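Starting from the structure of chain W, add chain H where the hints point.
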Amino acid sequence: MNLFLTYLLSAIPLGMTFLYGSTGEILTEKVGHLNLGVPGIMCVGGLCGCFTAEQLIGSVPPVWLVTLSILASFAGGVLMGLLYSFLTVSLHANQNVTGLAMTIFGAGLSKYGMYNLTKGLLDNEASTGEMVEVVKKSTFLDATAYFRYPFANDEKLQYCGVMLFLAILIALICSWILKYTRVGLHLRAVGENPATADAMGINVTGYKYVATCIGSGIAAMGGLYYAISYAGTAGAYKDIEALGWLSIALVIFALWRPHLSILGSVLFGLLYVANSYLPQLFGWKTPLYATYLFKMLPYVVTIIVLIISSVRKKREDQPPASLGLSYFREER
Amino acid sequence: MQKAVALEMKKVSKYFGELAANRDVDLTVYKGEILAVLGENGCGKTTLMNMIAGIYFPDAGQILVDGHEVVIRSPKDAFRHKIGMIHQHFKLVDLFTAAENVVLGIKGEGAYRKKEIGRRVQELADRYGFHLDPQKKIYEMSVSEKQTVEIIKVLYRGADILILDEPTAVLTPQETEKLFAVLRRMRDDGKSILIITHKLHEVLSVSDRVAVLRKGEHIATVETATTSAEELTEMMVGKKVELNIARPEPKNIRDRLEIRGLSMTNAEGIKVLDDVSFTARSGEILGIAGIAGSGQKELLEAIAGLHHLQEGGITYYNPKKDKPITFYHKTFERVMELANEGMLRYADGRDFTGKDGNGKALSKKTIRAQVEAGEVFFKEDEVINLREKTPLQIRELGVRLSFVPEDRLGMGLVGNMDLVDNMMLRSYRRGHSLFVDRKKPRDLAEKIIHDLEVATPNSHTPVRRLSGGNVQKVLVGREISASPTVLMAAYPVRGLDINSSYTIYNLLTEQKESGVAVIFVGEDLDVLVELCDRILVVCGGRVTGVVDGRHTTKEEIGVLMTAHGQAPDTETKEEVEKHA
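As given, the protein sequences belong to chains W and H, one line each in that order.
Here my numbering = 1-based position in the first sequence + 723.
Here my numbering = 1-based position in the second sequence + 1.
No wet-lab data here; the hints were simulated from the structure.
Each hint should be verified, as a subset may be incorrect.
Unchecked claim - Simulated pairs of lysine-lysine, DSSO-like, Cα-Cα distance not exceeding 30 angstroms:
| id | chain 1 | residue 1 | chain 2 | residue 2 |
| --- | --- | --- | --- | --- |
| 1 | H | K12 | H | K83 |
| 2 | W | K902 | H | K147 |
| 3 | H | K390 | W | K1036 |
| 4 | H | K272 | W | K1036 |
| 5 | H | K137 | W | K1037 |
| 6 | W | K902 | H | K137 |
| 7 | H | K92 | W | K1037 |
| 8 | H | K147 | W | K1036 |
| 9 | W | K1036 | H | K116 |
| 10 | W | K902 | H | K108 |
| 11 | W | K1037 | H | K272 |
| 12 | H | K138 | W | K1037 |
| 13 | H | K252 | H | K298 |
| 14 | H | K298 | W | K1037 |
| 15 | H | K77 | W | K902 |
| 16 | H | K115 | W | K1036 |
| 17 | W | K1037 | H | K115 |
Being a predicted model, the structure only gives us computed values, none of them experimental.
Looking at chain W on its own, in the form it has when it is part of the complex:
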């Protein structure tokens, strides 16, 4: 039982990384834009947040450090979202191609930046016998303790930092906005039928830009959350891109509903780390390669959900009708 609790307390916090990514992606997809740049945006968010933390550590109070880092990663995401929106909304570039380019760009940029930030901190570099000179007294990794507030010293609950609750809060707020507010109604209308929304006096371009940028900002926070709050290791940035792709899968799994995404992210977290706990829990003997098979599970369940929702053909469970399509006003 104790092991199961440890399993949960490791998986749920991991799942929040997906939650950030998928909440952001849902916002973007609800206005009809398939942003495959989310993995790259999360990487950039991680870089911006870590870089800010590195700069500010020791010079500002922890509360400010955490807040500013989160804002920095959000801003990084917004910038990426702005670039994506400009290309796809204003220039009508193909969304898939643009998104993939953003991911390649974002991942590359963050690897370059993070490499410089973590130079000399990586375990493997030390173990290869390379001479490593630690010049800095403190690094962004020391901020991990602040991010894990208020449970930083609790061995079991250490991962349940402020950003975990923030992720759930954002998902709930997004869900509420989409379902119960006028803004949400307009936003969904843009994604379903932009021509209609336009005719009804809704600023289609405006909604697309704002939703895509805020969505990207939210997704970007997931990168920071994983790098500092969850993993808190120098090499963590290398995993962000892979987790980003899972976030996109989670959008499909959650049927474009942020509140379902909360449950989905927990399930994805459980499946993602299943290899470390399930064999022990049930006393299985698993070979090494099973790790990768286990990590495949989130994708398998996504495909299953996709099959089920496709077979059921419920209109409410389908992606936004204009997802992936450019909107030209002048077309006649």
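This is chain H only, laid out in the frame that chain W set:
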């Protein structure tokens, strides 16, 4: 008594490139009247209305609302001046409820509460006598319900001037009457209603005044009470035109295509065709009438081999009696199949069985030679079962079936390819060379451009750059050039002006006279009644009647078109059986 002016247009012009869609149009709309805007397709009536509704911005001229000049740059501006437009293609979000669609785009009227909005929408509906459930999703609605939502959407925004673009195009005669009743009630409530249409009888029955447009110019505005259909037609087309479509008596009628008990469900699991039976005969135009989406599209596609059928049979009678068999239309395997069925003979009457006099099988080479020399004949008309055959198999069986689908650029032509390449879509399998023969398709394309007066720079223009009417001519031209025995055309004149439409009607009639079985799916009942020899009426995927085109009325067809869930009455049933 002079009524107050609600809206005035002075010298309004709009150009699309070189083309003037509207030139110096003057129009006055009074409060509490129904003004019909009448004109042919492409005469600029929709463009004119779009300028009032804020979709387009006029290049010159003034628009005055209540005597004040206004600038309408967007639909939002239009709403501010209490102008609302109901478009021909509904602008609704399918996934939303009626109420959600109604409040879409409205800002700042307090909190957004679904119940409250539903109540207000219901109130509005009741006031004008609409039947509507505000919580029903759009995708569950019928066309007329969707139109109701569109109208309420405009009323909810407090519009006093309502513009309806071809509102009756998708309605049955009965639904149209209901709509007109509502429009009259709104007029009595002091609203101004502009109704765009090209249907004369509707203009005469509902409007107070008629504004006639021709080629982008305003010809005249007349009181409906003092005018007649002839006068309006003359104003509309400029010269007195013969409205009659030539309909020669069918000759040499023979059964060509027999459909028996066809049933089909679509991907959503809804029964789109239910026990459809009829016969298409050579030398005759069989019209198919029905409200849009009653199964016409599926029926034609099923015959063309594009759908899997649950039940039913499609039999094709190939008029081959006493004609030589050729490899042009048959494969070698098919020839041998027919030989084994005892369908073939030599010129002197001996059976052709693929064996010589001693019962020894002839070599493939000998058979080829005999067939190519034209020594082998059909004994009877060939009977071919088309059920569960793919379009390719159908063609290999030698069935010359031409199909002009509803979705021209989706199913008929490839928009990004030029005319020549589109001709090749039908002939690319001809010949045995590794390379395609482009000469014949090019000649064909040139011939179509010349014969049908297609307006195109040259035969290498991508078809998507052509206008709707020209695209249609290219498609119809190609299908006819294949010298079909069965020609199926779905809405071949949709979006075409009167002249192009008549070109198409004449082509269909020509085909009929040359012995083709023509199946024509149309939406304009006037045309169906004038063009077709027989008219098959469908409703909800069922055949509700087969009527004689020469002795029927639009009203009769209208009733059959809406005979939901009713079995065909005994008379029509007999008729169906007689033809089946």
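Status of each hint after checking the structure:
{"no.": "1", "hint": "K12(H) <-> K83(H)", "result": "holds (22 angstroms)"}
{"no.": "2", "hint": "K902(W) <-> K147(H)", "result": "holds (23 angstroms)"}
{"no.": "3", "hint": "K390(H) <-> K1036(W)", "result": "holds (28 angstroms)"}
{"no.": "4", "hint": "K272(H) <-> K1036(W)", "result": "holds (16 angstroms)"}
{"no.": "5", "hint": "K137(H) <-> K1037(W)", "result": "holds (15 angstroms)"}
{"no.": "6", "hint": "K902(W) <-> K137(H)", "result": "holds (17 angstroms)"}
{"no.": "7", "hint": "K92(H) <-> K1037(W)", "result": "holds (22 angstroms)"}
{"no.": "8", "hint": "K147(H) <-> K1036(W)", "result": "holds (22 angstroms)"}
{"no.": "9", "hint": "K1036(W) <-> K116(H)", "result": "holds (28 angstroms)"}
{"no.": "10", "hint": "K902(W) <-> K108(H)", "result": "holds (16 angstroms)"}
{"no.": "11", "hint": "K1037(W) <-> K272(H)", "result": "holds (18 angstroms)"}
{"no.": "12", "hint": "K138(H) <-> K1037(W)", "result": "holds (12 angstroms)"}
{"no.": "13", "hint": "K252(H) <-> K298(H)", "result": "holds (28 angstroms)"}
{"no.": "14", "hint": "K298(H) <-> K1037(W)", "result": "holds (24 angstroms)"}
{"no.": "15", "hint": "K77(H) <-> K902(W)", "result": "holds (24 angstroms)"}
{"no.": "16", "hint": "K115(H) <-> K1036(W)", "result": "holds (26 angstroms)"}
{"no.": "17", "hint": "K1037(W) <-> K115(H)", "result": "holds (22 angstroms)"}
When the structure is compared with the earlier hints, no violation turns up for any of them.
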